[in-house]
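In order, the protein sequence lines correspond to chains E and P.
At position 36 of the first sequence the residue is numbered 36 (the UniProt record's numbering), and the sequence of numbers has no breaks.
At position 181 of the second sequence the residue is numbered 181 (the UniProt record's numbering), and the sequence of numbers has no breaks.
Hints listed in this document are in silico derivations from the structure and should not be mistaken for laboratory results.
None of these values were measured; they are calculated from a predicted model.
Glycine included, C-beta positions come from ideal geometry on N, C-alpha and C.
Please note: incorrect hints may appear among the correct ones.
Said to hold, decoys possible - Residues from chain P that face chain E, not an exhaustive set, calculated with beta carbons under 10 Å:
hint	residue
1	A243
2	K253
3	T262
4	P296
5	E331
6	L333
7	L343
8	F349
9	I367
10	P369
11	D372
12	V374
Stated by the list, open to error - What the simulated footprint calls covered on chain E by chain P, stretch by stretch (three residues with Cβ under 8 Å from a Cβ of chain P suffice, anywhere in the stretch; the number is not a length):
hint	segment
13	530-542
14	566-580
15	591-597
16	620-630
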Amino acid sequence: MEPRRAPRTVIDPKVRQVGFFAPGAPPERAVSGPPAPIASSSSSSPPVSDLSPSLSPVMIPPPRHSSADNALLPSSSSSRPVPASPLRQDSLTPASGRRYSKPSEFFPAMSLTASSSYAGRMVGNAEFSDDLRGNMVTVVPAASSFPSGGFDLTAVKASSVPASGLTTVSVVKMMPPVYDPETIVEKVGGSVEVQNDRPESSKPLKEKTSKAERRALQEAQRAAKAAAKAEGSKVPASSGAVMGANAKPTKATKSHSQKNDSATVAGSEKRGGDRLSEKDRKKDAPHPRMQYDDKIRVEKAKRRAVVKQTEARNRVELFRHLPQYEHGTQLPDLESKFFQLDPVHPAVYKVGLQYLSGSISGGNARCIAMLEAFREAIKDYSTPSEKTLSRDLTAKINSYVSFLIECRPLSISMGNAIRFLKSRIAKVPLTLSESEAKALLQSDIEHFINEKIILADNVIVNHAVTKIKDGDVLLTYGSSSAVEMILLHAHELGKQFRVVVVDSRPKLEGKLLLRRLVGKGLSCTYTNINAISYIMREVTQVFLGASSVLSNGTVYSRVGTACVAMVAHEFRVPVLVCCEAYKFHERVLLDSICSNELGDPDVISEVPGRDDINYLDGLTNSENLQLLNLIYDATPSDYVSMIVTDYGMVPPTSVPVIVREYRREHVWV
Amino acid sequence: MPDVQVLVNDFLNKLKKRKIEGSLATARQTAELLRSVISQQRVPYRNQARALIDAVRAVGEQLIAANPVELAVGNIVRRVLHIIREEDLSLTTAAMAGLGLSAASDDEDDADQDNHPVLSAAAVAAAARSTLRPPSLQTLLEDVPDSAAVPHTSSSGGDSEGKSKSADKSSRTRRLKHDVIEAVNELIQDIATCHEQIAEQAVEHIHQNEVILTLGSSRTVLEFLCAAKEKQRSFRVFVAEGAPRYQGHLLAKELVTRGLQTTLITDSAVFAMISRVNMVIVGAHAVMANGGVIAPVGLNMVALAAKRHAVPFVVLAGSHKLCPLYPHHPEVLLNELRSPSELLDFGEFSDCMDFGSGTASPLLHVINPTFDYVPPKLVSLFITDTGGHNPSYMYRLIADYYSADDLVVQRRPPTGR
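Extracted from the complex, chain E is given alone in its bound form (with noise of 0.2 Å):
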């Protein structure tokens, strides 16, 4: 350390000498002047660098240059404040010296565990934070074999130390050397998982205590991460012994990248090496759709199908890239196929029919139905002989992912919460039984289902009815269960306002809201997308409902939305989302034609109700005539006055920022 400062001291006043002789001459000469060797070393070489792990809250924001930062680190470790809130302080709690001295403390399941072992299992546990990848890439380009150097200690340790109790050290010795990087690092995030179950089952009812507790809570997630990055640069430098006997990153690289296929999530918690972490940020970045005008992987897929799909016989030229199906063939052809359909769990397999009836509709109706359908499957799923739980269950959950896919595509709501199960399946500890990991699987999913969409949806709604005053003209387009709990829930408290519902064809779902408004004993107005514009003059606020806000605050709903977005903003008639946290994502989206979803193009030709709308019977085999049903629209962010979140209420521009935290968490869960 000391000679680490002396050069920066004397770079200081040279950069600053520069400024003063010579003016035109570029600073990053006169540093690499005399103290050439010194910086060059420190920049390359980081790990090297064995400074006081310990930090600041000072150092929150990444550092663009590790070795500058840990050079300017301030050497006292006993004086850093700990800012981890008690909720979170045992998962969370990145200090070293802590670490040492109380392990049992904040690990009571790993009491048995030498201390010695916690250095690896720290470094996997900062690995896998996701914010630290990107830096760890950034930061270290040549020492790419570090990381697994950490993992190798780990291995060396595990396997060294027989107190740690743990079955795999067994398993370890009998696998294949291949593997053995990958099983340790599973046995880490097991372990990690244990550590960070216990104080989640008493979470989710104190999630939504206040607002300062998860200021705090953020406060220490993000600490944390600061930490975790210290460690990583500082952990590999510690173990730099063993990095010259090191010799398995493309091992571990290979016997990754077989189990890419698997969860995005559980990938990321086994990287090894930064070749691995540069694929997994790929694999991490939001998965392209299929795009159906790629033939030879609708060819693949379509071998792979179970639903069997004819194609739509008027596909709509700019849309070649969505899937165009007829519709209204698959269902009897599905029901027919039941029992030579044995992959699919029969609960699963009766939400496939729910969605591509369309009698589950709304994101939220069918995440929750797919959720508990996947709970179903996991309640009656037993592992296979010679198969782990954990990728013969990712498997499992992949192919019922496919096969709603093929009912109906996914929504953006639902890729979320499948993340989140393969991420909890990936993490489930070896050591559980199979009926216990069974029944932490499931709990799991309760409460996901409880947590991030009721109590959310409370949430929303609690936030929400302060907007609404007595005389407000409140309007809602199509149908969303978040605005009509609001709706119903002003109205329980004895608001006095009116509720305009605004319907559009194919689906009218607004008549079915309207008529339960209307059986509550709302005052309802009711008209036609068209009519938008006639009525948005007496309109004093706009509720909508969203299927998923993007990190660029495009809301992607109900088409129509952004038009009736479009027309309040043209009002000056605030717009308010309401969306739950988990349907927000990092994708972003500029229009609607990119990605979207298809319908039944049968429905648009027959107006139902209306027998004299007949112009088009003969003719839906034209080959001129196409008719279009879009699902979704991508209303402008622009358009959006203020979402309403279970994070409370939000401009669009935060966003990514709600994005960024929701999935941090989701780490840490």
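Assemble chain P onto chain E, guided by the hints.
What follows is chain P alone, placed relative to chain E:
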């Protein structure tokens, strides 16, 4: 006279019951009715124009009151009044020139008009319009004595007119009525053929591989698109169905049978699709003097979306749709609420509503307006039968068709002045 009254009453009933669909049919029938009113009108020797104007105005007043939202009725009434005034003026000037009154002889313009006294002034004006001639400075100058003369002849039907009329009573009694009827016939023909004249301009506006969006159904739009198709332009059309009347289905059917690539979308998908559209072409119900458009419901939404994506919003309107009035609060005052049954089936919500408590206001309202107002700032171009025009120019175009005296038809003018 009684049979005219029958005709008028019949037409009034139709208007009141909204039996006549579309401004084109309304305009044609109004013009035909007014023609028969004029032909049945007995004209006195003196002050014929006044008599005709009064008769037309009386009928027109009833017609407008029968359906104030159907602006085409008022437009045609005003057009006919304008025709009468123009014919009267031309006859007067011709007579004055024939008398050799020196007052006007030094004026070159009057000398010009003398050269073709056979042609009525209205016919000349119509010819000028149909040649798509933009109003040159000269025509504007020509207008000056005309407009100055109009109030002179119409309002003060006293001694000066009597003097000129006395010159050739016999010829003028027949000629005025005859000329007016001739001109009204021309008007009727104009209305009938406005589609073709608009459609002729289609090739100037639609290029190859264009994507065009329209909402609802309009005969003008149909003819316009088909004219471009006939000129071997290949393009595709998105048709929004235009709920709750679903006229878009009708338009889609017509387009498909004529071989155009047509995609039918719901109205809600307009915003989603507009980013891939090159041009929005729609018909109008009426065009106001400020360049605003009274259009089928939903078009304001389309216009806003087009504005957002910088897509040209083109309105096709025959000259009978040009209304000389400036709108005030047109979304409400020039609108009409149709039956809720188009949105909800009768009795569908009867179980939810408490009919027993008559005191409380009903819980459920259904709003089903017919029209939308598109402000002029959202319109890129008007295409009328005289060519393309900016919204800001519409007031001037409209001034060609109407005389300022007729703008207010309802108020009975002070007679006997």
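Hint check results:
no. : hint    : in the structure
1   : A243    : 5 Å, holds
2   : K253    : 4 Å, holds
3   : T262    : 5 Å, holds
4   : P296    : 8 Å, holds
5   : E331    : 6 Å, holds
6   : L333    : 12 Å, violated
7   : L343    : 6 Å, holds
8   : F349    : 6 Å, holds
9   : I367    : 4 Å, holds
10  : P369    : 5 Å, holds
11  : D372    : 6 Å, holds
12  : V374    : 9 Å, holds
13  : 530-542 : holds (count 7)
14  : 566-580 : holds (count 3)
15  : 591-597 : holds (count 4)
16  : 620-630 : holds (count 8)
Of the hints listed earlier, the one the structure fails to meet is number 6.
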